[in-house]
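Protein chains in written order, with the numbering used here: chain A, 1 to 116; chain B, 1 to 112.
Watch out, some of these pointers could steer you wrong.
DSS-like cross-link-like pairs, simulated, lysine-lysine; straight-line CA separation at most 27 Å [stated by the list, open to error]:
| no. | chain 1 | residue 1 | chain 2 | residue 2 |
| --- | --- | --- | --- | --- |
| 1 | A | Lys-36 | B | Lys-104 |
| 2 | A | Lys-18 | A | Lys-41 |
| 3 | B | Lys-107 | A | Lys-40 |
| 4 | B | Lys-49 | A | Lys-36 |
| 5 | B | Lys-68 | B | Lys-107 |
| 6 | A | Lys-22 | A | Lys-40 |
Far from chain B by the CB rule (all over 10 Å, computed), these chain A residues [claimed, not checked]:
| no. | residue |
| --- | --- |
| 7 | Thr-2 |
| 8 | Gln-6 |
| 9 | Gly-14 |
| 10 | Glu-24 |
| 11 | Lys-41 |
| 12 | Pro-42 |
| 13 | Leu-43 |
| 14 | Glu-56 |
| 15 | Asn-57 |
| 16 | Ser-59 |
| 17 | Phe-64 |
| 18 | Ser-72 |
| 19 | Thr-80 |
| 20 | Ala-92 |
| 21 | Glu-104 |
To be clear about the criterion: a stretch of chain B counts as covered by chain A if any three or more of its residues have a C-beta under 8 Å from a C-beta of chain A, and this derived list gives those stretches [said to hold, decoys possible]:
| no. | region |
| --- | --- |
| 22 | 45-51 |
| 23 | 101-107 |
In case anyone wonders, no lab produced these hints; they're calculated from the structure.
Beta carbons are placed, not taken as given, at the ideal position from N, Cα and C, and that holds for glycine.
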Amino acid sequence: ETGVTQTPRHLVMGMTNKKSLKCEQHLGHNAMYWYKQSAKKPLELMFVYNFKEQTENNSVPSRFSPECPNSSHLFLHLHTLQPEDSALYLCASSRIIAGGGSGELFFGEGSRLTVL
Amino acid sequence: GDSVTQMEGPVTLSEEAFLTINCTYTATGYPSLFWYVQYPGEGLQLLLKATKADDKGSNKGFEATYRKETTSFHLEKGSVQVSDSAVYFCALGGAGSYQLTFGKGTKLSVIP
């Protein structure tokens with residue numbers, strides 16, 4: 001139990017569906033992240049939120065839409081995805097430390113997404 | 001920019017063998033260094049960390065020393081167990097950045 005909970009753990013969706021991934025952290029952290037993990041590729045940072053403000057968007061396609069209503073919750077809204085978007089989506093949180101750097105990341109167990 | 005290079009896997013060892021997974025980095029300033037582990041079907045967990053040169057991080061029998069002169073943070077364990085089978089990621093956190101830069105991961109399989 002890392003204090004970061006992701007739902008659902010598994011999701012299968014068609015290319016025309018709309019679905020959302022949810023992440024909740026119980027650690028009192030102020031930064032939250034979405035990562036994409038695909039087979040045989042490095043971990044890809046998608047989005048970073050600091051105190052609910054988006055601070056990073058690493059050229060992610062608009063079919064992925066993040067939402068951070070407060071510092072404990074993070075969503076990833078999915079719309080008209082492609083089969084190549086099938087991957088493990090990992091949420092993480094951290095405490096922002098003095099100087100603006102990030103302390104260690106605490107990860108959820110991930111949401112395994114399959115796009116048919 | 002910052003980067004992390006770790007040895008390609010997969011690595012297969014017999015139980016009780018000695019493990020080394022090499023990790024080198026490129027960064028400006030004085031980053032923090034981390035090893036994360038991902039067991040099958042799970043997310044990443046912090047294994048150990050070091051925040052300044054010559055620090056040694058250790059946990060569960062694993063060790064890594066922050067070597068500034070060789071820009072390295074190699075992971076070692078004296079006697080691996082089957083339960084250590086997992087993917088290991090080296091990462092660095094640059095000062096003033098929210099991001100961690102990860103290596104590609106090294107898959108370790110330990111056989112009885």
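Evaluation of the provided hints:
Of the supplied pair hints, the one linking Lys-36/A and Lys-104/B holds, its CA atoms being roughly 13 Å apart against a limit of 27 Å. Our distance criterion of 27 Å between C-alpha atoms is met by Lys-18/A and Lys-41/A, whose separation comes to about 26 Å. At roughly 11 Å between alpha-carbon atoms, Lys-107/B and Lys-40/A fall within 27 Å of each other, so this suggested pair holds. Between the alpha carbons of Lys-49/B and Lys-36/A the distance comes to roughly 23 Å, so the proposed pair stays at or under 27 Å and holds.
With a C-alpha separation of about 26 Å, the suggested pairing of Lys-68/B with Lys-107/B holds against the 27 Å cut-off. A hinted pair counts as satisfied when its Cα atoms are at most 27 Å apart, and Lys-22/A with Lys-40/A qualifies at roughly 25 Å. Not every C-beta of chain B lies more than 10 Å from that of Thr-2/A, the closest at about 7 Å, which undercuts listing it as non-interface. Annotated as non-interface, Gln-6/A brings its C-beta within 10 Å of a C-beta of chain B; the closest such distance is 8 Å.
Interface exclusion of Gly-14/A from chain B stands, the closest Cβ pair being 25 Å apart, more than 10 Å. For Glu-24/A, the condition that its CB be more than 10 Å from all CB atoms of chain B holds, with the nearest at approximately 14 Å. Remark: the non-interface label on Lys-41/A conflicts with the geometry, its nearest Cβ contact in chain B lying 8 Å away (cut-off 10 Å). Once the 10 Å rule is applied to beta carbons, Pro-42/A is inconsistent with being away from chain B; the minimum gap is 5 Å.
The beta carbon of Leu-43/A is not kept farther than 10 Å from every beta carbon of chain B, the shortest such distance being approximately 4 Å. Not every CB of chain B is more than 10 Å from the CB of Glu-56/A (nearest about 7 Å), against its label as outside the interface. The claim that Asn-57/A lies off the interface holds: its Cβ sits roughly 12 Å from the closest Cβ of chain B, which is beyond the 10 Å cut-off. Distance check on Ser-59/A: its Cβ is at least 14 Å (rounded) from any Cβ of chain B, clearing the 10 Å threshold; non-interface status holds.
The Cβ of Phe-64/A sits about 18 Å from the closest Cβ of chain B, beyond the 10 Å cut-off, so the non-interface label holds. No Cβ of chain B approaches the Cβ of Ser-72/A within 10 Å, the least distance being about 17 Å, so the stated non-interface status holds. Listed as a non-interface residue, Thr-80/A keeps its Cβ farther than 10 Å from every Cβ of chain B; the least gap is roughly 27 Å. Chain B draws Ala-92/A into its interface by the beta-carbon criterion, the shortest separation being 8 Å against a cut-off of 10 Å.
Against the 10 Å criterion, Glu-104/A falls within the reach of chain B, whose nearest CB is about 5 Å from its own CB. Counting residues of the region 45-51 of chain B whose C-beta sits closer than 8 Å to any C-beta of chain A gives 3, which meets the bar of three, so the coverage hint holds. Note: the region 101-107 of chain B has 4 residues with beta-carbon separation from chain A under 8 Å; the three-residue rule is met and the coverage holds.
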